[in-house]
Every structure is written in C-alpha cells, then in structure tokens.
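Undergrad: Sequence:
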Amino acid sequence: LEKCSTIESVIVLERTKQTTEMIEGRDYWWHDCIKEESKVCDAEVLDSEDMLFILYTSGSTGKPKGVVHSSAGYMVYSAYTFLNVFQYDKNDIYWCTADVGWITGHSYIVYGPLLCGATTVMFEGVPTFPNVSRFWNIVDKFKINQFYTAPTAIRALQAHGLEPLKNNSLKSLKVIGSVGEPINEEAWHWYHDNIGKGKCPLVDTWWQTETGGIMISALAGITPNKPAHASLPLPGIHPVIVDSDGNELLGNNVQGNLCIKFPWPSIIRTTYGDHQRCINTYFSNYKGMYFTGDGVKRDHDGYLRILGRVDDVINVSGHRMGTAEVENAINEHEEVIESAVVGYPHDIKGEGIYAYVIINSKSTDDTIKGEIVDVVRRVIGPIAKPDKIQIVSGLPKTRSGKIMRRILRKVASNDFGNLGDTSTLLNPDVVEEIIKGASLK
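FYI, this note's numbering numbers position 25 of the sequence shown as 53, with every residue one higher than the one before it.
These are computed hints drawn from the structure, not numbers from a lab. Honestly, I wouldn't trust all of these hints.
[Claimed, not checked] When the alpha-carbon atoms are kept at most 20 Å apart in a straight line, the in silico EDC-like pairs for lysine to aspartate or glutamate are as follows: (1) LYS254 to GLU213; (2) LYS416 to ASP394; (3) LYS45 to ASP60; (4) LYS254 to ASP327; (5) LYS464 to ASP443; (6) LYS254 to ASP221; (7) LYS225 to ASP168; (8) LYS413 to GLU353; (9) LYS315 to ASP273; (10) LYS416 to ASP449.
The task is simple: from the sequences and hints, build the whole structure.
TA: Spelled out as structure tokens, the structure:
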C-alpha cells in the first residue's frame, strides 16, 4: 500500500485478534464503519450490462488483467452451470474449497449456489492444518453432498496416503469435482477411488476467469466419466480446435488450440482500463473466435482433454511437446508428489527441458533424478528426458493453485533479476529457495 498512491481508504475486518498497525485517516475498522448503518439495504436498479465486479487474473502468464463481468449475464450463467454440472438438489449441502477471492469462489461459492437457493459451505485455511484430515472431517461433519476442489489440493493430500482417511466415511458425497488446472490421471484415480469410493461422478471442469463459469465438463451422473478428460462442452457452448493458421480441425483424434466460436452469457466484457488489451489477448488471434490460450485434444470418443497453456510447449530439436505430457510422465514415479516442466535456451537442441520436482523426503536427490529420467524415457521416449532436474520443496503458485511458470522459465534461463509481477504469489519464499538451488547448479 505504501507504493500505491491511489489508495485513499482501507477497511479492515478484525478476524484473528492479532495486533494490526493502522494508519489514522486511511485505515478503518469494519465494525466501526457499520455500527451506525441500517441493517436494511435497498436494492439498486441496474442495467443488465452494468459492471458487476472486476476480478484480476492470476498473473501466471503475465501481468494480471482486470477482468470485467456484467450483472445479468454472469449471474445467469453461474446459476445455470452450478445447477447442471453438480446436479444440485434442494436438500443438498455443497462445498467448494476455493478462496472466495478467486473466480471459482465468486461463481461457485457465492453467486451460483445462492442464486439457486443452495446451502453452500465457506472455508478458510489450508487442507493440511491443523491436520491432514481436515477436508474429510468437514465433509463428514456437515454431510457434504457435492465437493469441489483443485488438483493441487488433491495431490497434496494424496502424498499423505490413506491413513488420514481411516476415521472418515465420506458416505454423504454424491458428486466430486476438480477445478483450476488439468488433473493428471494418477490424481484423478486417487480422488475418484478413495474420496468418491469409485461411485461418485467426478466432474473435471474447464473454464477461466474470463469465461465466468464452467464451459467444458461432464454433467454429474449424466455424462460418462473418462479419467483426466474435461469431457464435453455444456449445452450452448461451441468449442473448436484450430491449428496455428486458424484452420478448424474437424473430426476426432485431433489436437490444437482451443477456441470458443460463439458468445455465451458470462463472456468477459473488457479488461478494466484497457479495452484494447482485451481485444488483443482474446479476440485477435483467430477471427471471430475467443482464444482461450489452452491446447486441447479431442479423442476417438469426441471427449476433450485439456493439455495446458499453448505457451507451455517446448521445442526440443524440432520436436514439439507439451509440458503437461512430460510432467505426467515424471509424476508416474512413486516418490514424486508434483512437478513442473519448462523450456530454457539450449545451444544444441534449441530448447532444453528443465524439471522442478517435489519428492517424498525419504528419497535422495541423486538417486531419484536418474530414476525420473528412466521413467520419462520409458513413457515418452529419449527425446523428452529432462536435461536438468531440480529437487524443490514447493512450486511458486497463485492463491488459485496455478503454477507461475513464467517465473520458473526465468529461473531456468538464469534470468533471476527480471521475474516480473509476483504480487499474486501465495508462497514467495519458495521462489528464493528455487533461485538459490538453481544458482548452485
């Protein structure tokens, strides 16, 4: 706040009873502000296209963008998708574990559920404190029927094994969901088999801050599940796969860039203060289409599998491969908890493969590095084996759980002094640790 001269007032909610340094004339306590206010607030008449809120993107691929959503379109779509994807019934109890300040929290903790009259559980904290059974204790305590969380949380809990589940029945669950990034097959099966007990439909949802609501997903109990596939578009959504020249790729067994052909109610209206940036980012790459920035594969059944950001493609000696493909191979090693792969300049191959890997503490660095290379060679082939492997305790992530790959690319390229905007980082200390480890190589 010291560097932000446009901030005039700050309202602070007392939550933890810790000592808080307040600046007189700028900072105000919430409880003081509302003391004299009426408990009745008259509704304000708005135009359907009036701004509802501005929500900044995670900044995982560049400077955060202020995404503007409209009043009517956003609420219509968040309610429609909530009801249909999760198959909510009026007596159900629904829980999305997301941060309410993230688009998932907006759409599927607040707006979507409340517009449908749902009982929605709000959560603060982390899944591993005060113990790693916290999520499952809450599910049993409140008899949660629909449970929606991120692959990051799933993998973190998977690393602790099944012991934390031994005192939980989880029998109230009817639907489980995944959001935020593509979920790898190992995590999908662990989640489906041990949390959903092999019976709950698992909705692997794909959408973005800019889309406002879920775009591609199974409808719980209606669409057959397929591990690690977002499956099919929701009714009214028209995804298309295009090549780098903008040609639409028809039929099945095709792979390319994911675009959306026609508008939908909650489509981004603008980026706050810079409409041209909105046009350039989302509507200029392919004529007449919204460009998602993600790669996608349509399989022989017509199911869609999200491959990650299209800028997460490495070109090794003329061979293009997605980082997600390499990460999935690395994650097959039983001692690997999570990994992130980026490209870096290589004198001979053009780009080399740099892997950041989180492992179980019982493993030794030198032993596991060789084993990881062997796994990748076996699963994909020699061309995909990592040139450099750095064992880390964590990865730089936004509060929504997205890996800040642009930071990892900078570190891999030894560009430590130009990391860009890190304001949305959840764990900035990890970056310093990664830089230190990389500089010792």
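Undergrad: Report the numbers of all earlier hints that the structure fails to satisfy, in ascending order.
TA: 10
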